[in-house]
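Peer 1: Please take these sequences and the hints and turn them into a complete structure.
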Amino acid sequence: MADPTTSRVSYTLDSSLDSVNKIEQTAEVSAQRAGFDEDTASHVAMAVREAAVNAVLHGNAYDPKKHITASFETTPESLIVRIADQGPGLNPDTLPDPLAPENILRGSGRGIFLIRAFMDEVNFRQLHPGTELTLIKHRTPAQPGT
Amino acid sequence: MSMKVQTRLVDGVTILDLSGRITLGEGSVTIRDAVRDVLAKGSKKILLNLAEITYIDSSGIGELVSAFTTVKNAGGELKLLNLTKKVHDLLQITKLYTVFDVKDDEASAISSFSK
Numbered sequence: 001m002a003d004p005t006t007s008r009v010s011y012t013l014d015s016s017l018d019s020v021n022k023i024e025q026t027a028e029v030s031a032q033r034a035g036f037d038e039d040t041a042s043h044v045a046m047a048v049r050e051a052a053v054n055a056v057l058h059g060n061a062y063d064p065k066k067h068i069t070a071s072f073e074t075t076p077e078s079l080i081v082r083i084a085d086q087g088p089g090l091n092p093d094t095l096p097d098p099l100a101p102e103n104i105l106r107g108s109g110r111g112i113f114l115i116r117a118f119m120d121e122v123n124f125r126q127l128h129p130g131t132e133l134t135l136i137k138h139r140t141p142a143q144p145g146t
Numbered sequence: 001m002s003m004k005v006q007t008r009l010v011d012g013v014t015i016l017d018l019s020g021r022i023t024l025g026e027g028s029v030t031i032r033d034a035v036r037d038v039l040a041k042g043s044k045k046i047l048l049n050l051a052e053i054t055y056i057d058s059s060g061i062g063e064l065v066s067a068f069t070t071v072k073n074a075g076g077e078l079k080l081l082n083l084t085k086k087v088h089d090l091l092q093i094t095k096l097y098t099v100f101d102v103k104d105d106e107a108s109a110i111s112s113f114s115k
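Listed in order, the protein sequences are those of chains Y and S. Going by the UniProt record's numbering, the first residue of the first sequence is number 1, and it counts up by one from there. Going by the UniProt record's numbering, the first residue of the second sequence is number 1, and it counts up by one from there.
You may find that some hints are simply not true.
Non-contacting residues of chain S with respect to chain Y, defined by C-beta distances greater than 12 Å in every case (computed) [stated by the list, open to error]:
| no. | residue |
| --- | --- |
| 1 | VAL13 |
| 2 | THR30 |
| 3 | ASP33 |
| 4 | ARG36 |
| 5 | ASP37 |
| 6 | GLU77 |
| 7 | ASP104 |
| 8 | GLU106 |
| 9 | ILE110 |
Footprint (simulated), chain S over chain Y, 3 or more residues, beta carbon under 8 Å [claimed, not checked]:
| no. | stretch |
| --- | --- |
| 10 | 47–57 |
| 11 | 102–109 |
| 12 | 122–132 |
The list that follows gives simulated cross-link-like pairs (lysine-lysine, DSBU-like), each with its CA atoms no further than 35 Å apart [unchecked claim]:
| no. | chain 1 | residue 1 | chain 2 | residue 2 |
| --- | --- | --- | --- | --- |
| 13 | S | LYS79 | S | LYS41 |
| 14 | S | LYS86 | S | LYS41 |
| 15 | S | LYS72 | S | LYS115 |
| 16 | Y | LYS22 | S | LYS79 |
| 17 | S | LYS86 | Y | LYS22 |
| 18 | S | LYS95 | S | LYS72 |
| 19 | S | LYS4 | S | LYS115 |
| 20 | S | LYS79 | S | LYS4 |
| 21 | S | LYS103 | S | LYS79 |
| 22 | S | LYS85 | S | LYS103 |
| 23 | S | LYS44 | S | LYS85 |
| 24 | S | LYS95 | Y | LYS22 |
| 25 | S | LYS115 | S | LYS44 |
| 26 | S | LYS85 | S | LYS115 |
| 27 | S | LYS72 | S | LYS44 |
| 28 | Y | LYS66 | S | LYS4 |
| 29 | Y | LYS22 | S | LYS41 |
| 30 | S | LYS86 | Y | LYS66 |
| 31 | S | LYS72 | S | LYS4 |
| 32 | S | LYS4 | Y | LYS22 |
| 33 | S | LYS41 | S | LYS95 |
| 34 | S | LYS4 | Y | LYS65 |
| 35 | S | LYS85 | S | LYS41 |
| 36 | S | LYS4 | S | LYS86 |
Treat the hints as calculated values from the structure; they're not laboratory data. Ideal Cβ positions, reconstructed from N, Cα and C, are used throughout, including at glycine.
Peer 2: See the structure below:
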């Protein structure tokens, strides 16, 4: 029998802000169903939104011929979200620190920082072409799921 | 929900009452245009009332920072009023809480602008 706390759903979407909004909403619902409290679910949704924005804006550059994929997997231990684009690739080690004094007043560059702040694990994988981000939020015994 | 801006003038301070979401796209453009419009009309004391802002993403944070620096570079002052917990937490995490002059009370916020 399938574990009722395990589920997985995937989407392939165009490179648009509508897709970003859909992924964000799905993330919030997935986090709520996984048993996370309201604040945590909101933080997860924001992290996933930032990853989707990066995929659409910086990865695919709104190219209508390119798509993004998003998958949401709930296991007994974690909520795992994967967002992938078809862009030129991203080296996270080269990103400037948005908290550095010389960067604090920059108008951009906080997306990956917020993703790392709100998720327990963030992994980058280079595709050919593209980048896949895996975002993981661990559940606790107090979050049994539905 | 799209972002809305209502403008009022109180004791020489232009208050922008913002509502909705400040996110990549419409929300960010709306706030950018609103601040530029206020500056173009000659007002350099701007108070952003964020009481009805339900959500802000990293683009929205960037837009607040850009508004702050634009007004400052024009010789003016931009302050924030009535942060929700979500926005407050975001500004804390990004260390911008100490950059912005953040107020909780409109009357004292208005009186805090230079005369």
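Peer 1: For every hint, state whether the structure bears it out.
Peer 2: Taking the hints in turn, this is what the structure says about them:
1. VAL13: Holds, since 23 Å exceeds 12 Å.
2. THR30: Consistent with the label, THR30(S) stays out of reach of chain Y, its closest Cβ about 14 Å off (over 12 Å).
3. ASP33: At roughly 15 Å from the nearest Cβ of chain Y, ASP33(S) sits farther out than 12 Å, so the non-interface label holds.
4. ARG36: 14 Å, holds
5. ASP37: Given a closest Cβ separation of 19 Å, the condition holds.
6. GLU77: 15 Å, holds
7. ASP104: Holds, because the least Cβ-Cβ distance between ASP104(S) and chain Y comes to about 21 Å, which exceeds 12 Å.
8. GLU106: 26 Å, holds
9. ILE110: 25 Å, holds
10. 47–57: holds (count 4)
11. 102–109: With 6 residues closer than 8 Å to chain S, the stretch 102–109 of chain Y meets the three-residue bar; holds.
12. 122–132: violated (count 0)
13. LYS79(S) / LYS41(S): 18 Å, holds
14. LYS86(S) / LYS41(S): Within the cut-off at roughly 32 Å; holds.
15. LYS72(S) / LYS115(S): 16 Å, holds
16. LYS22(Y) / LYS79(S): 33 Å, holds
17. LYS86(S) / LYS22(Y): Within the cut-off at roughly 21 Å; holds.
18. LYS95(S) / LYS72(S): 19 Å, holds
19. LYS4(S) / LYS115(S): Holds: LYS4(S) and LYS115(S) sit about 29 Å apart, inside 35 Å.
20. LYS79(S) / LYS4(S): Distance ~18 Å between LYS79(S) and LYS4(S) Cα, so the pair holds.
21. LYS103(S) / LYS79(S): Given pair LYS103(S), LYS79(S) holds - Cα atoms ~7 Å apart, limit 35 Å.
22. LYS85(S) / LYS103(S): 13 Å, holds
23. LYS44(S) / LYS85(S): The given pair, whose Cα atoms are some 27 Å apart, holds under the 35 Å limit.
24. LYS95(S) / LYS22(Y): 29 Å, holds
25. LYS115(S) / LYS44(S): Within the cut-off at roughly 11 Å; holds.
26. LYS85(S) / LYS115(S): 31 Å, holds
27. LYS72(S) / LYS44(S): 9 Å, holds
28. LYS66(Y) / LYS4(S): 32 Å, holds
29. LYS22(Y) / LYS41(S): 38 Å, violated
30. LYS86(S) / LYS66(Y): Given pair LYS86(S), LYS66(Y) holds - Cα atoms ~33 Å apart, limit 35 Å.
31. LYS72(S) / LYS4(S): 24 Å, holds
32. LYS4(S) / LYS22(Y): Holds. LYS4(S) to LYS22(Y) sits at ~22 Å (cutoff 35 Å).
33. LYS41(S) / LYS95(S): OK: LYS41(S) and LYS95(S) at ~31 Å, within 35 Å.
34. LYS4(S) / LYS65(Y): 33 Å, holds
35. LYS85(S) / LYS41(S): Satisfied, since the Cα-Cα distance of roughly 32 Å is no more than 35 Å.
36. LYS4(S) / LYS86(S): 19 Å, holds
Violation of the numbered hints given earlier is confined to hints 12 and 29; the remaining hints are satisfied by the structure.
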